[in-house]
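**Student:** Listed in order, the protein sequences are those of chains X and V. The working numbering numbers the first residue of the first sequence as 1 and each following residue consecutively. The working numbering numbers the first residue of the second sequence as 113 and each following residue consecutively.
In case anyone wonders, no lab produced these hints; they're calculated from the structure. Predicted, not measured: the structure shown is a model, and the values here were computed from it. Ideal Cβ positions, reconstructed from N, Cα and C, are used throughout, including at glycine. Not one of these hints is a red herring.
Quick list of simulated restraints, FRET-style, between CB atoms:
1) X:Lys-57 with V:Thr-140: 12 to 20 Å
2) V:Ala-129 with X:Asp-51: 40 to 48 Å
3) V:Ala-165 with X:Arg-44: 21 to 29 Å
4) X:Glu-22 with V:Tyr-151: 17 to 25 Å
5) V:Glu-175 with X:Asp-59: 23 to 31 Å
6) V:Gln-226 with X:Glu-22: 33 to 41 Å
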Amino acid sequence: DVKVTQSSRYLVKRTGEKVFLECVQDMDHENMFWYRQDPGLGLRLIYFSYDVKMKEKGDIPEGYSVSREKKERFSLILESASTNQTSMYLCASSPGQGKTQYFGPGTRLLVL
Amino acid sequence: GDSVTQMEGPVTLSEEAFLTINCTYTATGYPSLFWYVQYPGEGLQLLLKATKADDKGSNKGFEATYRKETTSFHLEKGSVQVSDSAVYFCALSDTPGGGADGLTFGKGTHLIIQP
Chain X
1 DVKVTQSSRY
11 LVKRTGEKVF
21 LECVQDMDHE
31 NMFWYRQDPG
41 LGLRLIYFSY
51 DVKMKEKGDI
61 PEGYSVSREK
71 KERFSLILES
81 ASTNQTSMYL
91 CASSPGQGKT
101 QYFGPGTRLL
111 VL
Chain V
113 GDSVTQMEGP
123 VTLSEEAFLT
133 INCTYTATGY
143 PSLFWYVQYP
153 GEGLQLLLKA
163 TKADDKGSNK
173 GFEATYRKET
183 TSFHLEKGSV
193 QVSDSAVYFC
203 ALSDTPGGGA
213 DGLTFGKGTH
223 LIIQP
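Isolated chain X (complex conformation) (with noise of 0.2 Å):
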């Protein structure tokens, strides 16, 4: 099976603090992504990449920031963390383009 790790489950972090949440697959797929989850808003693609070392943005990337040094971590990083930011992130891995995309369980970001 699939598995994807997300580093923590809930978080507290104050206003400017930097912000890292990892993500680990553990099936060598090429493509990782981050997701936030508001209520009423659905899923928003923040950034994805498909190789180490390669990202893209996708619809909502302002704020964010990612990177991926090897191919199963792909972590999101919340430069100055501003209470907006306050949501459900959740990241996923698919094995390409088109294919089923695998989620990890979520990060609770609480920014006071």
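The hints should help you fit chain V onto chain X, whose structure is shown.
**Tutor:** Then chain V, alone, in the frame of chain X:
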């Protein structure tokens, strides 16, 4: 751009009732279509998918048929159970070019099944 529209809930049904959750889409290419389910406190799990017109995806008693002529992918189940209570997301993957792509999701439908 691509978009997915699904009925918004919550949808409340009694156990053993028939379920339909509507989903329609707009896309520039020939997308793959998915239904994902999210149980309370968990991440999303793939429920079923279809990759071309007239394909039927099915899993755990749920079914959805890819209808290109009506750009729809409605989710159905003949007899729901309390354990089906969850949020259901319709999504599409449209890959006219190369490289990775994210899924475009609907806003989700919260389904509540009462015993």
